[in-house]
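Sequence lines, in order, name chains A, B and C. According to the numbering used here, the residues represented by the first sequence are 23 to 177, in order. According to the numbering used here, the residues represented by the second sequence are 44 to 330, in order. According to the numbering used here, the residues represented by the third sequence are 135 to 902, in order.
The set of hints was computed from the structure by calculation and includes no laboratory data. A virtual CB, placed ideally from N, CA and C, is assigned to each residue, including glycine. Warning: the hint list may mix true and false statements.
[Said to hold, decoys possible] For lysine to any residue, the following SDA-like pairs were computed, each having C-alpha atoms within a straight-line distance of at most 25 Å:
| id | chain 1 | residue 1 | chain 2 | residue 2 |
| --- | --- | --- | --- | --- |
| 1 | C | 898 | B | 287 |
| 2 | B | 294 | C | 901 |
| 3 | B | 45 | C | 262 |
| 4 | B | 45 | C | 403 |
| 5 | B | 49 | A | 52 |
| 6 | B | 45 | A | 50 |
| 7 | C | 154 | A | 52 |
| 8 | B | 49 | C | 901 |
| 9 | C | 676 | C | 716 |
| 10 | A | 101 | C | 901 |
[What the hints assert, rightly or not] Here are a few chain C residues that face chain A, going by a calculated C-beta distance under 7 Å:
| id | residue |
| --- | --- |
| 11 | 178 |
| 12 | 413 |
| 13 | 619 |
| 14 | 791 |
| 15 | 795 |
| 16 | 802 |
| 17 | 836 |
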Amino acid sequence: MRVNFGLNGAPVTVDAEPYTSLVDMLRDELDAKSVKKGCEQGECGACTVLLDGSPVASCLVLAPQVEGRYVTTLEGLEKNSLMIDLREAFMENGAVQCGFCTPGMLISAYALLRDNPHPTEREVKRGIEGNICRCTGFTKILEAILDAAERIAPE
Amino acid sequence: MKPLPKFKYHAPSTVEEALYLLATLDEAEPVAGGTDLVPLMRDAACSPSNLVDLNNVAELNYVREDSGYICIGATATHAQVASSPIAAKAPALVDAVSGIGSPQVRNRATIAGNLCNASPAADSAPPLLVHEAEVAIRSLKGTRIIPLEELFAGPKLNTLEPDELVTEVRLPAPPEGAGSSFKRIGRRKAFTLSVVSAAAYVELSGGEITEARLAFGSVAETPIRTRAVEELLRGKALTGGLLDKAAESVKAEVSPITDVRGTAEYRRDMCGVLLRRALAEAAERAR
Amino acid sequence: MEYDKILEMLGRKEFLVVGKNVTRSDALDKVLGKARYTADYVPRGTTLLKVYRSSIPHGIIKRIELDEALRVPGVEGIYTGADVTGSNQIGYALPDQPFLNDVKVHYAGDPVALICARDEYALEAASEKIHVEYEELPPVLDVDASLAEDAPLVHDGGNVAVTTRIRKGDAEKGFREADVEVSDTYWSPYQEHMYLETEAAYAVPERDKVTVICNGQSPFLIREKVAHIMGWDLNQVRIIQALTGGGFGGKDDQGPLVAAYAAFAAHKLGRPVAHVWSRDESVKFSNKRFPARIRYRSGANSEGRVTSIEVDITLECGAYANRSPFWLWRQTAHAAGPYEVHNCSIDGRAVYTTKVYGGSFRGFGDMALHFAAESQMDKLSYKLGMDPIDFRLRNVLVEGGRTTCDQVLDHSVGIKECLEAVRDASDWASHREPVRDGSKVRGYGVGLAYHGISTSRSTPDWSAASLIMNPDGSVTYRTGIVEIGQGSPFGHAKIVAEIIGVDPAAIRIELPDTDSTLDAKPTHGSRGLMLGGTAAAKAALKLRESMVACAAELLEVPSGRIDLAEGRAFDRENPGTGISVRELAEEMYVRGYDPAVHGFFKAPERFFDPETGLGVNYSVYTFAATVAEVEVDTETGEAAVLRVWPAMDCGKAIDPLMVEGQIEGAVSQGMGLVLMENIELKAGHVINPGFKDYVVPSSMDTPQIEPVIIVEKPYRYGAFGAKGVGEPAIISVVPTITNAIHHATGIRFNELPIRPWTIHKALKEAGN
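Only chain A is shown next, with the shape it has when bound in the complex:
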C-alpha cells in the first residue's frame, strides 16, 4: 500500500506492505540509515525517531501508521541549532563510544531539551531512560546533555 508522509521536512510516498515496520521502511526504502535496529521489540531505543515531534520506537510503529504524519530522523536535524549544540557536546564530552545508540540517544536528548531547555540531572536521566547504552555507562552522555543545555542561546 502507498504511504504518504513527511520525512525530515519533505513529503515522501512509499509503497510498503502494512506489516513493514517504520524502522525498516526508513532504512530500506528511504535510506535513513541513522535509524538503528537494536532489538525490534521497543526495548533498546536505538531506532528512536520523532513522530509528529514525539520520540517513538520506530520498530513498534507500522508503516501505514505514519500516513499523513511527520517523521524526523537524525538526518533531518543535521542543520538544527539545538542538534548542533548536542552533537558538539556529545563529541567534546566523550559521550560517543561505539556510536550505535548515539542517533537514538540524540533524538531523545533533542526532544528533551526542546521541551525543557534547562533540565535537572534527574530530568535528563528520565529523558533518556528509553535509550540503552552499553558502552558509556551513561555518565558522559548525561554530562553532554547538561553541557548542551548550557550552550543553548538564551531566548
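Given the structure of chain A, go ahead and fit chains B and C onto it with the hints provided.
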C-alpha cells in the same frame, strides 16, 4: 531479523466504522500504540489476519471530565494522561503511567491498550482498580459498561468478544478528602516491568478511614483488589498498629508465582511493604 | 628500546596531544548518524541467511530432511555439514566445535544448516519445513551433573575439557602459619554482552575469493577460520571490519562464525549473502561470560599478612571449550589477586555441559576470580578486626613483588597508589559505620583488581601498523586493531600525531581490511592500545626518520636539530626556519624518501614453565582500585550504587577522557552483573532472550561517578608507557559492590547476581 506476520491493515476514522470492521473481519485485532501488540506479533504469539488501527478515530482521543467522571478515550496515551490536569485528580494513575516504559513507549501506548492486554503486571491497572474505574465497551450490538475488574479473565486474557472494542475508561472524580498512591518495584529503576506493584486509595474524615481500596499487580493471574484488607481498614484510625495488621493480612489475599522477574515469596512480602508505603502516601495526599 | 621514553627520544619536554583530551575522529560520523555498521552496507534485495539450529540440547543427528524446505518459494539454497569443502571444524582452542553439526548436537541452538532465501518470510517458512531426526541424549545441565561418575559425555574424551594447576611455596605450611582462615564457595553466572549492534556479516563472492564485511574483533582470526572452512589460502579471503556497535569480547568469538556462515553460503550460492542476527538469536545463541564456581580458602596471620591460599576453580564451558583454556588459566594465574602470597595451591578444570557455550567477555575470568579473591580479603580483614583497606595495603603487590605465578614485577606496579587514592578521595575512614535512614542503609565497600594485558604464558605476541604520508601531507593509517567503541585506533592516531608532529585530525584511520592491513592480532585482552599503539609508534618513528632526513636536506641543517610539531618540520635552534608537512611530503616523494612505512612490534618473550605454571606469565598488569557507596532498602531488598570512586594505574593515559569513558562504562556493566543481569534457562533453553527480561542498567541506575583517578606507572614496552584499560576497569567493580552490600547489611552474598529478592530473603532470615 524477525519478520512480522502478514496482515491486512484498516484505518477507520469513526468508531462505527471500527466496530463494523471488527464485527465483519476474520481474526481482527484493534491496535493503537502497538507497544504490546507488535512485539507479540514479532514473537508469533499473536498473528491476527486483520489489524484495525484506531489512531485515526479522532473521537476516541481525549481525557476529559464528564458528569463527575474522569473519562479517558481509548487512544489517549500514557503521555497524554500523565500530563493531563484532569487525570491529576487521580494521583495514583498519574504516578503509574508516568513510569510505564520510557518516553518512547508513553508517547504511543494507551491506557485502554494496557488494560486490554490484560497483563497481571499492567501498571495502569492497580490505580484504576482502586479508583473504581469502569470500562465502556462497544460493539455494533450496543454499549456495555463493566467494572474494570471484569475486563480481566486471566494472564493475557480479557473478557472482550471479538467484535467488541473498549472505547473509554472512566473513573469517578475523587471527592475532597480522598488520596491515592501507586508504588512499584522493578528490576531496575526505569523502563522495566514491575515485579510487584500496589495502589492505595483512601478517603479520610477526621482521623478516620472512611473508605479504603487496595490493588496489586503481578501477584495473581490478573491485577487484583484485596477486599478483606480493605474491610479491615475501613472505619478505623490510620495507626501504626493498623498498618502492621493490614500489611500482614494482605499476604494471605494474594497468590503470586515465581518467574524470571521475582519469587513468589518476595512478591508476597512486598505486598505488605508496598501496601504500607502506598497507604501512607495516599493518606498524606488525602489530608 | 624503552617505548615509555619516546618523548625524551624526540627531544621534547611537553606532549603535544598525548595525555590530553582530544575529540576522537570517529565521533563526527557517529553523531551525524553517518557511521556505517555492517547491516548498513547491505544493498536492498540481497539474499538473506539464517542459521537453522537444533531444538534440543543434546542428541545424535539421525537424519536431516531438506526436500520440503527447499521447495518453499523464495528459498535459494540450504547447506549442511555435508556441503563443507574444507574443514567442518571451527573450535577455537580445541577441535570440538563443528561448523555445521551433522553428527551430534551439543546445545539447544547448535547450528545444523544454513538457509538462504530472498526474504525473512521464506527463511522462517523454510525453518519450519526442515526436519531433523534426533536420537535424544540426556542433557547435562550443570557442572555437578557433568562431573558425576556416570554422566553422559558431551564430547568423546570426557566432560573435562582442560585442567590447570599452580603449586607455589607450601600451601599447607602457610595455613599452619595463619591465625585466621576463611573458606567459601562463590558462583559467578553467565552474563550476556548485550552490545547494541547484533552480530552481522555481508559476504560477496568471486570465483575463488570471498570478501566479507563484518563486525568481529579480529579480522585475521576471521580470515583464518573462513579460509579453513573453505579449504582456501588466506589471500582468498578478504575481511573488512566495519565500525562495530560494541564487542566486549562476544564478537571476538562470534565474528569468525558469523563471517564463515555468510562467506560459505555466498560462495556456494554464487551471490552476495547478508547474515544479520536478531536480538533473540544474539541472546540465545552467542557465547556468554563463562560461569564459574570458585572454592577459595585463605589464611592470614595476626600481622595482617596473607599466608596461604588454596583455590579450586570449576569453569562451566557449556557445549564447547571455546576460550575456556585461556579463561581458566587467567583465573588460575590471577588467583591470589593483586597481592603477594608466597604459598599458593590452585587447581582448575573446565567442564562441558549441554548449554549455550561460554566465551570471551570483558574481564576474561578475572571478574569471577576477583569476586572470590576480594570477598576473601574482606572477610579476612573483618576476622582479623582490621580495616579492609589497611589489611589490603599490607599485602598489595609492589615493585619487586611476585605474582601468583611467581612473576617478579620489576616495574609498572601502581596498585598501592590506586588504593591510597580512593581511600583518601572517598574519605574512607569517616564511613566505617553504615548509615541508616528510615528503611534504607548505606555502606562503603572496596575492591581491587589486576589484569595481565594481552596473551598469557609469554606466548608470542605481536602487532603491526602502517602509515602512508600522502603527497599533500595528509596521513593514512592502517591497523588491524578494530574500533568497537573503545577508541583504540584513535589512540594509535594520537601516538602517531605525537611522533610526527601533526594534528590527529590529519590522520585518516582506514577500516581494517585484511587485503591491505597487516596482522595486528586480535582486539582483545586489553591489548588494542598497548600492543597496537606500540606498533603505530614504531611505524611513526620510521616515518619521522624519513621526514627528518628530508627536512634536514631541505633546510640544510643537521638532522639532529630537526623537530616536528604543529604540522611543521623546523630547526630547533631557529624555529623560524621550517617547512610545512604539506610541502615536506611532496619533497619526500621528489627526493626519494620513503613515504610509506610499517611498524611491526613483537612483545619481549621471557621464561615461562608450563609444567609448574610459574614464570613470566603476562608482560605487564594493569591495576585498579574502587570504593563504592551502596544503599540497600532493607524492606524491599533493592540495592543501588550511589557513588563510585575509581582509580587505575594504566601506565600512561593517552586520552584521559577515553580512560574515564571505559571506567564509567565498566562500572555500569559490572553493576549489571552484580545487581540485575541473569540468563535464565529452562531445560537448557534460554528463556529471556531480549532486553525486556535480560535487564541491563538504564540511565536511571547510573551512580555518581567521582573523578577518575589515573595513576601512571609507565610500561616499558607500551608506547609512552600505556597499558590496557578496558577489561581491568570492570573487574574491581564486582567485589566493591558486594563488599559494600555487606558493609551496609552485614550479609555476605557469595552468588551473583544479587537481586532484590535475594537480599530480602537473606535479611529476613537474619531477622531483619
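Hints, one by one, checked against the model:
1. At most 25 Å may separate the alpha-carbon atoms for a hinted pair to count; residue 898(C) and residue 287(B) meet this at roughly 16 Å.
2. For the proposed pair residue 294(B) and residue 901(C), the alpha carbon gap of about 19 Å is at most 25 Å, so the pair holds.
3. Pair hint residue 45(B) plus residue 262(C) holds up; C-alpha atoms about 14 Å apart against a cutoff of 25 Å.
4. For the given pair, residue 45(B) sits about 23 Å from residue 403(C) by alpha-carbon distance, which is consistent with the 25 Å threshold.
5. Of the pairs offered as hints, the one joining residue 49(B) and residue 52(A) holds, with about 22 Å between alpha carbons and a cut-off of 25 Å not exceeded.
6. Under the criterion of a C-alpha separation no larger than 25 Å, the hint pairing residue 45(B) with residue 50(A) is consistent with the structure, at around 15 Å.
7. Only pairs whose Cα atoms come within 25 Å are accepted, and residue 154(C) paired with residue 52(A) is rejected, the gap being roughly 40 Å.
8. For the suggested pair residue 49(B) and residue 901(C), the alpha carbons sit about 56 Å apart, so the restraint of at most 25 Å is broken.
9. Using a Cα cut-off of 25 Å, the hinted pair residue 676(C) and residue 716(C) holds, with the two alpha carbons roughly 18 Å apart.
10. Taking the CA atoms of residue 101(A) and residue 901(C), the gap is near 61 Å; set against the 25 Å cutoff, the hint is violated.
11. At a threshold of 7 Å, the smallest CB-CB gap from residue 178(C) to chain A is about 6 Å, leaving the interface hint in force.
12. The beta carbon of residue 413(C) is positioned within 7 Å of a beta carbon in chain A (closest approach about 4 Å), and the interface hint is therefore held.
13. Restraint check, residue 619(C) versus chain A: the minimum CB separation of about 3 Å is within 7 Å; hint holds.
14. This hint holds: residue 791(C) has a C-beta 4 Å from the nearest C-beta of chain A, less than the 7 Å allowed.
15. Because the closest C-beta pair between residue 795(C) and chain A is about 5 Å apart, less than 7 Å, the hint holds.
16. With a least beta-carbon distance of about 3 Å to chain A, the hint placing residue 802(C) at the interface is held under the 7 Å criterion.
17. Interface hint at residue 836(C): satisfied, since its Cβ lies 4 Å from the closest Cβ of chain A, which is below the 7 Å cut-off.
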